[in-house]
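A.B. asks: Position chain B relative to chain A; hints supplied.
These protein sequences, in sequence, are chains A and B. For the first sequence, the working numbering begins at 1 and goes up steadily by one. For the second sequence, the working numbering begins at 1001 and goes up steadily by one.
Treat the hints as calculated values from the structure; they're not laboratory data. Each statement offered as a hint is correct.
Calculated cross-link-like contacts (lysine-lysine; reagent style PhoX-like; alpha-carbon spacing at most 20 Å):
| id | chain 1 | residue 1 | chain 2 | residue 2 |
| --- | --- | --- | --- | --- |
| 1 | A | Lys216 | B | Lys1076 |
| 2 | B | Lys1125 | B | Lys1186 |
| 3 | B | Lys1125 | B | Lys1148 |
| 4 | A | Lys216 | A | Lys143 |
| 5 | B | Lys1114 | B | Lys1125 |
| 6 | A | Lys216 | B | Lys1114 |
On a predicted model such as this, the values are computed, not experimentally measured, just so you know.
Chain by chain, the residues:
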Amino acid sequence: MIGEQFSTGQSFVHNLDPRIKIIPAIIFAVVVAVSSNFLALLPALAVSLFLIILARLPMRRVFHRLLLVNGLILILWLFLPFTYRGETLFSIGPLAGTKEGIMYAGQITVKCNAILLAMVALLATSPIFTLGHALSRLYVPDKIIHLFLFTYRYIHVIFQEYHRLINAMRIRGFVPRTNMHTYRTYAYLVGMLLVRSYDRAERIHRAMLCRGFSGKYYTLTRFSIKVGDILYLLLMLAAILGLIVLQWRAVA
Amino acid sequence: MESSSIIINLEDISFSYSEDKFVLDHLSFHLHRGDRIGLVGPNGSGKTTFLHIIMGLLRPSSGRIELFGKPANEEKDFRAARRRIGLLFQDADDQLFSPTVLEDVAFGPLNLGKSPEEARDSALKTLARLDLDGFENRITYKLSGGEKRLVSLATVLAMDPEVLLLDEPINGLDDETEQRTTDILKGLNLSCIFVSHNLDFLSRTTNKVYAMTSGRISLDEALVPHPHIHAHRFGRLPHEHKS
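Extracted from the complex, chain A is given alone in its bound form (with noise of 0.2 Å):
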């Protein structure tokens, strides 16, 4: 169900050490979302692209996915523009467009789209594990990288199961309606997966004492750090700091 889609390949970014690559991610995206001004957001969605392209990703899956978040982002087009407060620019009837508004509401989607485009670079490109061992040299609670992790395993075998119950309630006739009967099967339904994930829970926690595990992950993998990550590394900081020099230069 979760395809992983973007975690193999070839290139630059699928080969960075994947600490390297979580570091600079989290800092960028904090300063990308405090930013206020087009002349740091412009250049930070720029930064984005530029890692789209080394990490080689196929173009209409990543464009896909852009679709997704965008899709949430046109209503806020539909709504900002009209509540700002601010100079009116033009108006439809009553309502009256701001300029701060439709700013506003520009800013919110370079941001959006620059901080999802470098996650799919940076972080899409490795597997859901290896970013779970990654984050816990970087010293992350165990308990949730564990919560993490595990989420991901059994979000499928969930799914199935309400596949499973979807499919006996079909079998039989069910037809979802406006009505009583609707919505109490559908209550059924939530009810019964979350009896069915806490026993499973229970049943994987059992299996893993069996194999003596005492609350302590170990992992087979092992990182290691080679002179691409370094350079790597400095040139983020650098693009990040270029990023908070223009943000300051343009508010001072």
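C.D. replies: For chain B alone, kept in the frame of chain A given last:
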């Protein structure tokens, strides 16, 4: 080394999930080193509960458990014993929780304190032993049912257990995978308890079959003639013979 050859000793074990019905009712059971025991019994008769009691996953309400000659009462006693007893769960999805096969098979050895290199090595060796070479980078949830079963068997064998407890190991497998699993299990030089409904499988992999009824375990030694031209033990239970 333990002086006695009894490695699992349960005495007078009772266990219940609810107050009115005992799943295990003053059950006593011994496993000697080298014993290969099959366990049959109707659904819900407590076979899985019995295996989970041995592993310390469930605690009996009364009775005594001794594993490898030492009394097992607390989590730490069971934790030590779990290193030497392997349990295969009924549902392979419960057993395989790592995304890749290699990570999953190496999970046990890593917990036993092996270095990543040693763990990888023993995982690969175990996979090869089960003819699963080339599976190491497969994604666990994308394996077929039979493959999942064999890989989960590998995760247990990779820990090099002295005793093997299998809960319905061939349930739901096709003939070919069943045959393969049977051959593998037959070739293992371990003490074991196999829970199964398939008498043919048990007669080929074990040398004693116990029956579980109303919360107790008894050895079913009677020779029961039945409408065929042959007679053998366990014949009262419906079964088929393969040539």
